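Enquirer: With chain A held as given, fit chain B with the ligands onto it using these hints.
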Amino acid sequence: MSSECWTSIGNLEDIPVAGARVVLSPGCRIAVFRTEDNQIFALEDRCPHRKGPISQGIVHGKKVTCPLHNLVINLTDGEASEDGCVPVCTISARIGESGEVLLNIEDIRARVETSAG
Amino acid sequence: MKELIVVGNGMAPSRALEKLNEKDPDAYNVTIFNAEPRVSYNRVMLSPVLSGEEDFEKTIIHGDDWYFKHNFILYRGCPVTEIDRESKTVKAVNGIAEPYDKLLIATGSSPIKLSVPGIDKKGVLSYRDLDDVKAMLAAAETRRQAVVIGGGLLGLEAAAGLRNRGMEVTVVHRNPTLMDRQLDETAGHLLQLAIESLGIRVLTGRHTKAITGDEHVEGVLFRDGSSIQADIVVMAVGIRPSVWLAENAGLHIERGIVVDKHMRTSDPDILAIGECAEFQGATYGLLAPLYEMANVAAATLLGDEEQQFENRVTAAQLKVTGIDLYSAGDFAEGDNREEIVLRDPNQGVYRRLVIEDDRLVGTVLYGDTSSMGWYYQMIKDNTDISGIRDYMIFGPGFAEGAAQDPTAAVASLPDDAEICGCNGITKGAIRQAIDGNSLTTLEGVRSCTKASSSCGSCTGLVEQLLLLRLGDSYQPAEVKPVCGCTDLGHSDVRRLINARSIKTIPDLMQELEWKSSGGCAKCRPALNYYLLATWPGEYVDDNQSRFINERVHANIQKDGTYSVVPRMWGGVTSSSELRAIADVVDKFDIPAVKVTGGQRIDMLGVKKEDLPAVWADLNSVGLVSGHAYGKAIRTVKTCVGKEWCRFGTQNSTRLGIRLEKFLWGSWTPAKVKMAVSGCPRNCAEATCKDVGVVCVESGYDVHFAGAAGMDVKETELLGHVDNEDDAIEMVAAVVQLYREQGHYLERIYKWARRVGVDSIRDAVVDDAANRKALCERFVHSQKYYQIDPWEERVKGHAQHEFAPLRELSSLELT
Ligand code: SRM
Ligand SMILES: Cc1cc2nc3c(=O)[nH]c(=O)nc-3n(C[C@H](O)[C@H](O)[C@H](O)COP(=O)(O)OP(=O)(O)OC[C@H]3O[C@@H](n4cnc5c(N)ncnc54)[C@H](O)[C@@H]3O)c2cc1C
Ligand code: SF4
Ligand code: FES
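Chains as they are written, first to last, in our numbering: chain A, 1 to 117; chain B, 118 to 931.
This is chain A alone, in the form it adopts within the complex:
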């Protein structure tokens, strides 16, 4: 993948361990999670149940519990614990060599385009 595809949004340490921060982008809010073992996941900040901001939930293992009605969402693939829920849209994220957090621009663009359509 070419390097232009990724954009830096800050450093790993800006995100609390077992926590999340929000990145605003035209057309969508992105929740960027850091797990206890320092992995990074980015998902659209919108619970499939009633649009709750999942960035505000409690992060445990590789899951987050939505703060509004406790739906549990997998950070890895956006799947929800309850059947019949549309998965949350995921955005590829990785940690760069000097600890900066990188999001995949293509994924964000794709998200913005689908939500516009």
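Quick caveat, the hints were computed from the structure, so don't treat them as lab data. All figures in this text were calculated on a predicted structure; none of them were measured in a lab. Note that the Cβ used here is the ideal one computed from N, Cα and C, for glycine as well. Mixed in with the good hints there might be a few duds.
Beyond 10 Å from chain A on every Cβ pair, some chain B residues (computed) [what the hints assert, rightly or not]:
id	residue
1	S168
2	A534
3	L585
4	P593
5	R798
6	E893
7	R923
Residues from chain A that face chain B, not an exhaustive set, calculated with beta carbons under 8 Å [to be verified]:
id	residue
8	L24
9	I40
10	P53
11	V59
12	G61
13	R94
14	L102
15	D107
16	A110
Expert: Chain B with the ligands in isolation, oriented as in the chain A frame:
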């Protein structure tokens, strides 16, 4: 004969040359260039050399005679500077040039240097080769303080070695737990304790900002502003494949030099092996796969296409004497992965197995690594483990033999066998107690003999004894576990926190054998509360274990905005408070303002980013958080009372305000709402509150355990007192007892139902000394928790909660 040139003389090419020799010694004329000025040695043994447990001489793999005997030419201290693929020659320093038919690149890796100021000062070392070890040994002779940056395998081995050589050593790690790539938080914590017990200081969560000193290093400065002194600094923050030589030659590079399954690079006459090579996206930093690469390369060089390299399971072991730690395979959590965790705090053992589709894919063993071979084999062979899954965590002995019948095991114990170690209770004593007092429950045994009433680790044995005496008529009381992460109920968890002096969530999960590695949204807030209520002032609150409302001190609304409810002590306000509220509503365009059922004002729909500024304005007239979001003291409603009301018997408003000012800020198992009414007409609805006071001519009736939410229940009378001070003491005492006994999310009326109203009266009313003691413990805890969380945040605490990390512009997306 064809010419083979080898660049690098590490462990991988040494193995390749051995193989080549075995199979066809006459195939090539071999010339080796090595940047290090020495023969091939066992790099893995550098740690024992550093610590003094091994001599360097013993680590030499091939001495001079070996090269001589096989007619290999070895250029030592002679790095290759260029590969010319056109003329098929390599050029090295000093103008040496040699032609090749086949070239084998094995340049290994180089240690990563942090890009911080001062990194080039004297005394900043890395840990890669014998020269590094020599430099460290020289430093240990004359200097005192060593700082090792990086808490992974290498860093810890370096630290242990330097400690053994008598230096004062500090390990600095960027993440919260050591070896976080291999271990989860709890196991990392165990490791930290073990490292600390070697006399090594460990600092986690520290990011290095600069190396300080003039010419020579004098200290390390961290981003949080703290610093430590250092005479030497060892960098062990990771390695990077050395690829520049291959890159300049135009070979295909990603992270490493890309090779195919025959170890050929993008130029078929050039092969690469070892840490510098990348196969199917993976590079390796451990010997086993590198040796496999070497075998394949030797075969390829001899035209044998049969042998192929496959991605391999890797295993790593920490080589620090006295610490047993092993990890193999892939132990990251994943989607379709499950884990089995065994924790035995008494033995200091931790084991984690990661399973995917009935196959073992990874393991971490700490404390007892004797079963590592067994697990490794299963990972490697992709063995179907469904048949032994339930007990494989106990190791091969257990899994292969028949599982023991635990009741039979207890039956076979002699009468003088000690069952409860804490209280010294024997099997005979428990048996007699069961028979003599017709005991049928665990509780009965506990109160009669004290067995299992302290640390609880013998509970299983006591239950087996009950089962043995009573047969099927023994029905163990059903304990509702806190959540799916444990079999323990809330009471047991609280008891064990006390009995074993557990002080952090990771310790608790380790000690109490939590089944998941990071808990869940149900247990984490409960554990956080239990620890902070048990160890006020000592326990460091874990914000990430709190529900969003308590984390940001405002109530989340359905649209993701927040509500703000300042305290109005006893429901009384003033024109300046009201004016400040009105101004805030205008200034921040707050869409709704409502009078709550708790006699105060709720501003709804505040944007998260505005919260600190809203609070700052409210703080400026003295308004503080109303904790309307917390499992905490909420409101104290009052009526106007004797000051105005024609029926009033006491100053209920003043008592309400005093109570709220005394109690606010304290965290409780669930919310606590109170009220004080001036007479039995009870306009403040005190008799349906968690705690309510009804004033009467003769003094104050203190009530508790009412409810008016999902259940509606009238309060119980706790006791009668004559004056305000005594009323406050009694209320504080009952709240404290609830704080100490309540289960998380259990309102006061449910707690009272569980433990019995009488037992509460006994403790709070009848036993005056106990009441005082409870009240004192409450006051002690308030020293730490009666702080306005809004003010803290206005002053800058936890700012990251309120601002987005970044805003992307539309330009960036196009
Ligand atoms: C604002 C308020 C309603 C109002 O407009 O008056 C209110 C609003 C909420 N109540 Fe309440 N309750 C309010 C008074 C009450 C009362 C009456 C009282 O306190 O005198 C009760 C009955 C008494 C009681 O607590 O049992 C009450 C019983 C509940 C319950 C049921 C609790 C129960 O154990 O049965 C919940 C749900 C819960 O806590 O789990 C709840 C939960 C809530 C939550 C926090 C729902 C939530 O989790 O988001 C609402 C938050 C709104 C917000 O953001 O401000 N609210 N709620 C009242 C705030 C009082 C205050 O100043 O702090
Ligand atoms: C302290 C320590 C402890 C370790 N413990 C373990 C362990 O317990 N278990 C385990 O499996 N692994 C361990 N490892 C890792 C293991 O030692 C390495 O993975 C392995 O030695 C790598 O072998 P290699 O041949 O790829 O590279 P290296 O052994 O690094 O050899 C590369 C050689 O190439 C030379 N070189 C580089 N560039 C040039 C050039 N341009 N011209 C000429 N020569 C050049 C270098 O000087 C070096 O000598 C440890 C490593 C260290 C440092
Ligand atoms: S009664 Fe129900 S809807 Fe009304 S504030 Fe309380 S929780 Fe919300
Ligand atoms: S909006 Fe997330 S659970 Fe309801």
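Enquirer: Give a verdict on every hint.
Expert: Cross-check of the supplied hints:
1. Here B:S168 stays apart from chain A, with its beta-carbon at least about 29 Å from theirs, past the 10 Å limit.
2. With a least beta-carbon separation of about 40 Å from chain A, B:A534 lies farther than 10 Å from that chain, consistent with its non-interface assignment.
3. No beta-carbon of chain A comes within 10 Å of the beta-carbon of B:L585; the shortest separation is about 39 Å.
4. Listed as a non-interface residue, B:P593 keeps its Cβ farther than 10 Å from every Cβ of chain A; the least gap is roughly 29 Å.
5. Consistency note on B:R798: stated as away from chain A, and its beta-carbon is indeed over 10 Å from all of that chain's, at 40 Å minimum.
6. Look at B:E893: its CB is around 34 Å from the nearest CB on chain A, clear of 10 Å, so calling it non-interface holds up.
7. Remark: the non-interface label on B:R923 conflicts with the geometry, its nearest Cβ contact in chain A lying 4 Å away (cut-off 10 Å).
8. The closest approach between the C-beta of A:L24 and any C-beta of chain B is roughly 4 Å, which is under the 8 Å cut-off, so the hint is satisfied.
9. Taking 8 Å as the C-beta contact cut-off toward chain B, the hint placing A:I40 at the interface is violated, the least distance being around 12 Å.
10. At its closest, the beta carbon of A:P53 sits 4 Å from a beta carbon of chain B; the interface hint therefore holds under the 8 Å criterion.
11. Taken as an interface hint, A:V59 checks out: its beta carbon lies about 7 Å from the nearest beta carbon of chain B, inside 8 Å.
12. Because the smallest distance between the Cβ of A:G61 and any Cβ of chain B comes to about 5 Å, under 8 Å, the interface hint for this residue holds.
13. The beta carbon of A:R94 comes no nearer than 13 Å to any beta carbon in chain B, farther than 8 Å, and the hint placing it at the interface is violated.
14. The criterion of a C-beta within 8 Å of any C-beta in chain B is not met by A:L102, whose closest approach is roughly 12 Å, and the hint is violated.
15. Proximity of A:D107 to chain B is violated relative to the hint, the smallest CB-CB distance being about 11 Å (cut-off 8 Å).
16. Annotation: interface hint on A:A110 violated; nearest CB of chain B at approximately 10 Å, more than 8 Å.
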